[in-house]
Every structure is written in structure tokens, then in C-alpha cells.
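Following the hints, position chain U against chain V.
So the protein sequences, as listed, match chains V and U. Positions in the first sequence are counted from 1; adding 1482 to them yields the numbering used here. Positions in the second sequence are counted from 1; adding 32 to them yields the numbering used here.
Think of the hints as simulated: they come from the structure by calculation, not from any bench. Note that the structure is a prediction, hence the values are computed from the model and not measured. Glycine included, every Cβ here is placed at the ideal spot set by N, Cα and C. Among the hints, a few may not be true.
Claimed, not checked - Cβ-Cβ distance ranges computed for the label pairs, FRET-style:
| hint | chain 1 | residue 1 | chain 2 | residue 2 | range |
| --- | --- | --- | --- | --- | --- |
| 1 | V | 1691 | U | 245 | 16 to 24 Å |
| 2 | V | 1484 | U | 79 | 45 to 53 Å |
| 3 | U | 118 | V | 1501 | 26 to 34 Å |
| 4 | U | 43 | V | 1674 | 48 to 56 Å |
| 5 | U | 227 | V | 1538 | 45 to 53 Å |
| 6 | V | 1654 | U | 252 | 21 to 29 Å |
| 7 | V | 1719 | U | 239 | 31 to 39 Å |
| 8 | V | 1509 | U | 44 | 47 to 55 Å |
| 9 | U | 192 | V | 1699 | 53 to 61 Å |
| 10 | V | 1712 | U | 169 | 53 to 61 Å |
In case you want the letters, here they are:
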Amino acid sequence: MKIAVLVKQVIGSESALEISEDNAWVKEENASFVMNPPDNYAIEEGLLIREKIGEGEVVLVSQGPIRVQKVIREGLAKGADRGIHIEESGQIETDPLSIAKSIVAAIKDENFDLIFSGLQSDDMGMGQTGILVGELLGMTTATLAIETEIDKEKIRVKRELESGWFQWVTLQTPSSVSIQSGINQPRYPSLRGIMGAKKKEIKVFQSQNAEKKQSLDKVFIPQTSKETEIIDTDLNSAVDRIVEILKSEVKVF
Amino acid sequence: MNILVIIEDSRGSMHRMSKEAIVAAQKIGGNITALVIGDNADAISEELSSIDIERTLVVKHDLVSSYNSDGYAEVVTQVIKSMNPSTIIIGHTYQTRDFMPRVSAKLDIPFIPDIVGLEQDYYIKQVLNSKLNASISSSADMKILSFQSACFSEEDMASGSSGSENIDVNPDSSLVRSSSEEPFQESAPEVDLESAELIVSVGRGIEKEENIPIAFDLASALGAEVSASRPVVDAGWMPSFRQVGSSGSTVSPKLYFSLGISGAIQHVVGMKGSKNILAINKDPDAPIFEIADYAVVGDVLEIVPKLIETLENP
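Excised from the complex, chain U in its bound form:
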């Protein structure tokens, strides 16, 4: 079986989730080809040369020197047509979500996204706000699979040695009907959540902005940093640099103390690597409890003030 793994360039080096995608390919088993595109392709193929795969294909072309949806959709489609893999594997990143559906439509092949597990011929995917899992199958001869962050661990990557070769593509320049500006960050982050040992994180269960100080009080009693889930940031109660999840930081503290966070996938992918997860939530079926070490069923607004009082007056 021929597997094509599409590698993402993360500001000059291989994206963490591309490494996990290679592990997925190694677990599935077959002849693995990695595809690297763009200006940083040489540095990334160097990273790939010590991994147990068959080979690396390198695409260098003006239209795809950096990421753009039009160019990537076309170039990836051309490479797939020329090598005819049975499975195309990629990390479920924002970039994947941006161009992979177009490859699926161009080739009329299924794109099974955000897979969290494999079970024989089934792909496991979270559905209904992560409350249930679903088994997805496909009898198509060629399919695209994307894997959720941390579905596989890069520590399990088999090392080896492999070479790289350039592959010619001929994208028509009229296909590119969009132009991209340089990526940028909105504001400089004031806290380094990614290296924090202890994090108190706030979700919608905090109910209103006036209750936010409760989280900061608990954090100062513990010596922790404060983070938030997306709805709290969207509501303007916390600045975006405090956001944990797919569009914010990925954290792995010794303790992730979650206050009223339901545990949508977009949040969980950013914190499930935490060593200890203590979650308080009113809803006993909240998905956060599935990954929590300690699941406290109750009202954050009652428990936390009482907890702070106890910690401060032992």
C-alpha cells in the first residue's frame, strides 16, 4: 500500500502534527512517501532524512513558495495523480482545513477529518460536541485522512534513513486567484502559558465578566497562571493571549485546573497533555470529565470562593 504523508511547514521546520501524521502512517503500514512544498523544503527534508519512510518528494515552484490555498490544492492534486497512493495522511491543522477539502473535491475522493483513533477498517471521529464517538468507513480506493493533535505521539516515530527527490509540477498560473499577506500576531503575549507549571483556566461556567477575579484569586493562592477557553475570549472577558486550544496555546502543565469549561474538542486539543487535570463543572456529562483525573461536579461560583477561603485560612 502506498501512503502519501503531506508535511506542513511551520515557520521553517516540520509542524509537530506532521510528525504525528508520519507516526500514523507508520502504524497503518506501507510504503511511505512524504511530500514537502515550498521555500523551506530543503531544511524540512533534512529533518525527514532520519525517519523510517521510503522517500521524500520535494516541490519547488514559484506559485507555492509559501502557503496559499489555490496553489497547494492544485499542486497536491497533481502529486497525488502522479503517484496514485491509496491513502493520503495529514495532521488536522488549520492549513489542512483550508486546502484539503479542495483536493477532495478535485479528485472526487473522501476526506475523513479529525480522526482520533483507528479500529480495523474504521476511523473513529468525535461527534455531537465530543459527547459521542462515531465509526466512519469508506470503500473508496483512495482516501484522505487527517488526524487530531496527539492522536499519535511523535515519541513513537521509527527512525531510519531516506532520501529526497524533486518532483515536477505544472500548475497553471491562472489558477491562483488570491494573494496572501505575511502572517502576524495581534498582541505580544504577557504570559508564557506553554511553560507554566500550574494553570487555572476559565470557561463559560464562570457566567459573567464580574466573576473573572475569582479565577485570578485562585491562581494567586496556588501560584498559577490564568488561561481561558475560546468563548470567554470571544466575549471579551480575557485577552486572546490567554486562550488555550486549537486557536490559542497548547499547554502541558503539572496541573490544569479547569473552571466551568465544557471541553469542546477545540479546547481539549490544547490541554489534554496536562499531567493532572482537575475540572469543576455543573454538568456531570461535560466532555471535560472524560479526560479529567479529578471531576468535581458542582457550581464553580460556590466551590471556588470556598476553596480560596480554605487555602488562605487553613
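Okay, chain V solo, but in the shape it has when bound:
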């Protein structure tokens, strides 16, 4: 079984965010980068299936500038077999359809049985790249998987619906499935894994310049519609103020 996992490198949630002079994005030189957190679950699900079946390979696929090879190495250290890096040399692409076409161009001859992706990225949050790739490759698709079962040419997926509801769907493979956080407990790389990852292959492709269907023009700090009272005082005054709010303003008692 050949499994591709689409991974993305994103700015970490603890990172400083400073908007760049042209307002087009944040200053990347001051940012710290991490593996998109939901993608850790997608990698783990791929590794678990490979281990359960006892054969096959897990291939990590990532698009972005050269720095994204760091997250590919991280996944290789956890046990993935090899990597595919789709290199962007110019501006960072944010159009999901354009990214999906680049990924398809790089992986179409691999004939993957499964493509896993995290449910969405922490940076752009478009939540569609894995499904776009699946559709462009003529695969079946499912989203927000919270459990998977492999059965020969089929994958059974427990999908999360809204408000505490779930649904099982059975897909004929090849399939592209987006993975919900919490489906498993992602492993940490072992020291041996980290050493071994250095020898694993990362194949580099250039990204395609497909016609842009949508573009990010600028970023800005959200204007709050609410008047927020900020209570940033010592412990005793903060507690006194909260008690006063509960009693006189919200009238809890």
C-alpha cells in the first residue's frame, strides 16, 4: 500500500507575528516555523496503517520554499520512508487550486492508494488542498476522519459530523482522506529515527505556475466589534473586579 501524506510548514502558534511593510504577509525572518499541527495526525495514521498491513510506504509531500524540507525531515525521522518537495522559488502560493495542481503534477505517476492530509492548515485554513488533489486524480474522498479501517481495495472512514454526530463511509481506493486532530497519538521521532532520516531521499520538483484563481492581497489586525475591558492587574484586584462583574454587571447572583 502506497500512502502519501501532504504536510505543510506553518508559522507556529507561539511565534511573534509582525505584519510586513507591504502588508502582504508577516515578516518571516522573525517567525518560527513548525509542522502544521493537524498534519502530525495524518502522518501518524499513515505510519499506523503501514505497520498494521506490514508492507508499503509512507511518502511525505510538501510544497513551499526550501525551508519546508525541515518538516519533511521531521516526518522521515518519525518513520516515513521518503519525501517529495515541491519547491516554490518566488512568492509563496496561497491559492489552493494552484497548489493542488502543482502537487498533482509531482505525484501523478506515483499511483498512491491513499492520500492523507491534516484537516486544515493553521496559517491559511483553506481546508481543501487534499480533497482538490484527490478529485484532480479521480480518487474518492472523505473529510474529518476520526477513525479508519483498511479492507483490501476499500477504506472505511468514521467521519465527524457537526454537534457530536458521526458517520461511517466506505470508499473504494484510491482515496484522499483528510484527518481530524485527535484520531491517534502522534509519536515523537526517536534518536535512531533522526539519524536514519538524514539518509532518506527527498525528491525535489519545481512548483507549476498554474493560473491563480484567488489571491491573498493583504493581512491586517482584526478590529474588534466589541468594547473589551482589559483586566491586567495584580491577583487580588483582578479577583475583586471579577466578583464585581459577576454580581453587578452580569448579575449572576
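Okay, now just chain U, sitting in the frame of chain V:
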């Protein structure tokens, strides 16, 4: 301008976010067509008949009698091709996320998801863990827009009268390569968060499972119910019926007292309708503070025990 609004069937009636999608279409302005698919289409078109739209199109076909990604992606694509709208509008629900990217790929048109606001020709979307907003634009002749929960209010829906007509589709049965079982709930909820007046809600800032009783102690001092954000449920510290957010309950209590919740979009969509939001968080830049009425910067583990002590010994 022709707008197509795709309506979601929520167990026999129109999904709350489909109503908000109609309001979005009414604000954008144009000839609005609603599309209803499946076995419950008649009941839902009845709901649509008293809304100010042009018409409702009804699709009834064995392959889409209930929701499935293969069938929906194909049928919606066929309807779009036949009516050629410039804008396709839908609520940003889990179902939308499941099939809409496929429509985007089939038609080679952009899908701009999870929009929180409109500004002239720009679509506003939250980025970077909701810490910043981004303006997205598209020069495509046809585009798909999905709107975040509560971006528009169904109370603003203009009423009117409209008729419905059936539309024929011809999906090839070989396209459906998946089968869906009946939706189900994991465990019966023990609390009714959606009608709770007061809620104390716990996030990752509680740090460890042993600290969870602090939230229950505060809740009992206030007479409140206890809820949680997704990471706390994922960690197994709280049962899933206590989860608030896109995959849990949507709540609107008089007071939402949030303890160490950062305020990711997935959580905020489930509680931003609360009348009063009091949030405690160590991080002064936590996104929860943007929607809070009272933003207490500090450590939950110091403030809450002291608060309980003060409430119990006035």
C-alpha cells in the same frame, strides 16, 4: 448577477447556516436561486417559499437521496453548469468542506472558504490561528464562497414569496464509489449546554487533568454548567458531550466564563453568540480576548482558586 445558494438538509429542515447563506446572498444582491437536494427537498422548499429569493430548484435523484460526497459533487457541478451563476454561496459547514472542494476542482473555479466579512471586492478570512485577518480577491468569472457561522444573522433575512421547480440531472451511477451508513451519536449527552444560562468552559490553559476540578468548583459556586474546548476533550480530560465549538455544541448563555481557552475559530464559532464573555488567559494576544467583554490577563490556576475562595467566604 445570478447567485446560486446551496441549501443543506439538517435532518429534515433547512440548516441554520443555509439561512445565513441566503442573507449573505441578499446582501450581495442579485437574482437568487436556491438549490435543494434529496428526500427532504419538498419540506425544505416549503421553508424557502416565504423568503425573498427568485426561485428554488429541486433535485430528486436516487444517487443523492441522502448526502454523499460523490453524488453531491457531481449533481451540484451539473446544476452550476446548466444555470451558470457568477457566485455560488453556501454555509461553511462540515458537509460543505466535504464536497465543495471537489466542485471547485471539477469546474476549475475558486472556492473561497470560511469568509467572516465582505469589503467591496474583498472577502475577509481569518488566518494564522485567527490572530490576523486577510483580504482575499478573485477575478474569476465564477466563484464559490462559504461563510462562517454567524457572519450574517438569519434575523436579517428578507421575506417574500417564491416558487420551486424540479431540475433534471443525469449523474452516472458509476461515479458513486462510496457508501454511507446512517449518522449516529456516540453517547447521550448528560448536560444540555445549548440551553444553559451560565457556562464555565475549560481550555488547554488548565494545563493538566488534575486541575479540572477547579472548573467544576467554580461552576458550582456560580450554579453553572461546565464545558470544554476541543484539546481538553481530545486529551480525554472531559467527555465529548461537554465540547463547545464546530464539532460540539453551539451555546449562547448569559455568561460564558472561559478558563485558559485561546480562541481558535473552531471554538469561537460555537460560543460567540454568548451575551457576556469573561475570559482568563495568560497570553494578552489570545484571540479569545477579541470577542470577550472582559479580558482577564493572568494565570487561571492562580486566579480561579482565589476567586472561588472569595465567592465562598464573602
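Do the hints match the structure? See the list:
1. V:1691 to U:245: 16 to 24 Å: Cβ of residue 1691 of chain V to Cβ of residue 245 of chain U: about 57 Å, so the range 16 to 24 Å is violated.
2. V:1484 to U:79: 45 to 53 Å: holds (47 Å)
3. U:118 to V:1501: 26 to 34 Å: holds (32 Å)
4. U:43 to V:1674: 48 to 56 Å: holds (51 Å)
5. U:227 to V:1538: 45 to 53 Å: holds (49 Å)
6. V:1654 to U:252: 21 to 29 Å: violated (52 Å)
7. V:1719 to U:239: 31 to 39 Å: violated (24 Å)
8. V:1509 to U:44: 47 to 55 Å: Since residue 1509 of chain V and residue 44 of chain U have Cβ atoms about 51 Å apart, the given range 47 to 55 Å holds.
9. U:192 to V:1699: 53 to 61 Å: violated (35 Å)
10. V:1712 to U:169: 53 to 61 Å: Between residue 1712 of chain V and residue 169 of chain U, where Cβ atoms are some 34 Å apart, the hint is violated.
Violated hints for the displayed structure, listed by number in ascending order: 1, 6, 7, 9 and 10.
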